[in-house]
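Enquirer: Protein chains in written order, with my numbering: chain A, 5 to 118; chain B, 129 to 237.
Don't read these hints as lab results, they were simulated from the structure.
There is no bait here: all hints are sound.
Below, computed lysine to any residue pairings styled on SDA-like, alpha-carbon distance capped at 20 Å:
(1) A:K46 with B:K150
(2) B:K185 with B:E207
(3) B:K165 with A:Q45
(4) B:K186 with B:S202
(5) A:K46 with B:E167
(6) A:K46 with B:P136
(7) B:K165 with B:L139
(8) B:K170 with A:T116
(9) B:K186 with A:E106
(10) A:K82 with A:G20
(11) B:K236 with B:Q142
(12) B:K150 with B:I176
(13) A:K82 with A:I64
(14) A:K46 with B:D155
(15) A:K82 with A:L118
(16) B:K150 with B:I175
(17) A:K82 with A:S62
(18) A:K46 with B:Q173
(19) B:K165 with B:S213
(20) B:K150 with A:E48
(21) B:K150 with A:Q45
(22) A:K46 with B:A229
(23) A:K46 with B:L168
(24) A:K46 with B:D177
(25) B:K150 with B:S202
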Amino acid sequence: EPEVTQTPSHQVTQMGQEVILRCVPISNHLYFYWYRQILGQKVEFLVSFYNNEISEKSEIFDDQFSVERPDGSNFTLKIRSTKLEDSAMYFCARTRDRGYNEQFFGPGTRLTVL
Amino acid sequence: GENVEQHPSTLSVQEGDSAVIKCTYSDSASNYFPWYKQELGKRPQLIIDIRSNVGEKKDQRIAVTLNKTAKHFSLHITETQPEDSAVYFCAARSFKTIFGAGTRLFVKA
Numbered sequence: 005e006p007e008v009t010q011t012p013s014h015q016v017t018q019m020g021q022e023v024i025l026r027c028v029p030i031s032n033h034l035y036f037y038w039y040r041q042i043l044g045q046k047v048e049f050l051v052s053f054y055n056n057e058i059s060e061k062s063e064i065f066d067d068q069f070s071v072e073r074p075d076g077s078n079f080t081l082k083i084r085s086t087k088l089e090d091s092a093m094y095f096c097a098r099t100r101d102r103g104y105n106e107q108f109f110g111p112g113t114r115l116t117v118l
Numbered sequence: 129g130e131n132v133e134q135h136p137s138t139l140s141v142q143e144g145d146s147a148v149i150k151c152t153y154s155d156s157a158s159n160y161f162p163w164y165k166q167e168l169g170k171r172p173q174l175i176i177d178i179r180s181n182v183g184e185k186k187d188q189r190i191a192v193t194l195n196k197t198a199k200h201f202s203l204h205i206t207e208t209q210p211e212d213s214a215v216y217f218c219a220a221r222s223f224k225t226i227f228g229a230g231t232r233l234f235v236k237a
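The task is simple: from the sequences and hints, build the whole structure.
Expert: Pasting the structure below:
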């Protein structure tokens, strides 16, 4: 399985602070996704991103969230003003195309908001 | 909105027995149905998938079936082993992947 990396592996922050989670792309993968998994719950879709634009987003992905590829390489998820309920695992995933292919999940970033 | 229902939420079987997990989806545009295994503290790992133009797929002890008309799909694990114990998620995908709530499988030795 192609390597998919995320940084940091664990982020602890105070409520109200901004956090940036990073995902490192691999070649031939054009579509990027962010998912959230609150402890003990299911994986929830946040947003998909293609060609430097958001393709789809869920109702969870409100104004406090943003995504970008600041340097054409890393893919970031920013949470502007964290809340306690943002504490979760955040996974990025990539596919070669939009439809049929396997999503490769990164190892995740555990975000803890105090 | 799109939704994926998954049952049961917990499943306990004896080693060697079979395990079946069932899912239904609501979005008719869904065309790809992956199944993921997630061990504690780790990322979801794809174990098998099925596309909408196929009714059944098998990979060693794991098989999936898809009934597009009924919008049902199922995971079958035969000859279960203790290392199969994990949380299993079904998912349905059109342009975004919607996950089921997960099934915690316990395989007792």
